[in-house]
Amino acid sequence: MIENIGYYTDKEAILLNLDDKSEKEILQKLGRKSKPQVIIIDGVDDVGKSTVVEKIINEMRNQGKKVIFNTFKRRRKDDSRFKEPNKEYEWLFRKQVVEEINRRIVTFEDEDIIILDKSPYCEYFYQKTKSFDRGLIDAIGNHKMEREIFRYENIIENAIVIFLENKRCWENYIKRETKKSGEGHKASYDTLNKEEYMDMVRMFKDYQNIYERNKKYKRVEIRNDNES
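Numbering (this note's numbering), first residue to last: 116 to 343.
A couple of the hints might just be wrong.
Unchecked claim - Taking CB as the label site, the calculated pair distances span:
hint, residue 1, residue 2, range
1, Arg334, Glu311, 14 to 24 Å
2, Gln143, Glu203, 26 to 36 Å
3, Lys198, Tyr122, 33 to 43 Å
4, Lys331, Lys290, 28 to 38 Å
Note that these hints are calculated values from the structure, not bench results.
The C-beta atom is built at its ideal place from N, Cα and C for all residues, glycine as well.
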């Protein structure tokens, strides 16, 4: 149970694991009868998160539940300071990337389900890869990023977290990146080679213990089909 809920806004607090009295009071303030459930679909780029999210949304709506799927993002093109990676602002860009993911969690009205196709912790996993360290972010910038990454750790402990694995994720990734490049799209991050990508896959797997206090966490292996 979370004891000091005064630190949180009402919308943040209702997503925590609360005692009955506190939960009832906050529900009353928000004009709700029940608390929403956060569902986070975690996994590396192109593992198949979008497909799973779509299936869950359809299933929940078929059950008569209201679902919100926010897609707030920070892109390099949003701010001239971020146009090219640089030592002065790269930490800020990545921090704002996480801020937008966190905003997805707490932006809701009367929905029963809040679903995300990305965990704020993904930036922590990226930090562990060899390709992340390009000398652009110092210790102070890294500390500021991590404060944002773990800002809602108590909410995430109370969320349903599903970590996806897919043996063909590299094929999916390089196919998508090649297609985007051929169409002239400018990505926020450089395309990884296979060694860099598989390093990312390992880091995502190796650091899943970050969810060890979450009792609603599970790992699921999927395939590139409509049956898994």
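The hints, checked one at a time:
no. : hint                          : in the structure
1   : Arg334 <-> Glu311: 14 to 24 Å : holds, 23 Å
2   : Gln143 <-> Glu203: 26 to 36 Å : violated, 47 Å
3   : Lys198 <-> Tyr122: 33 to 43 Å : holds, 36 Å
4   : Lys331 <-> Lys290: 28 to 38 Å : holds, 32 Å
Checked against the numbered hints above, the structure breaks only hint 2 and satisfies the rest.
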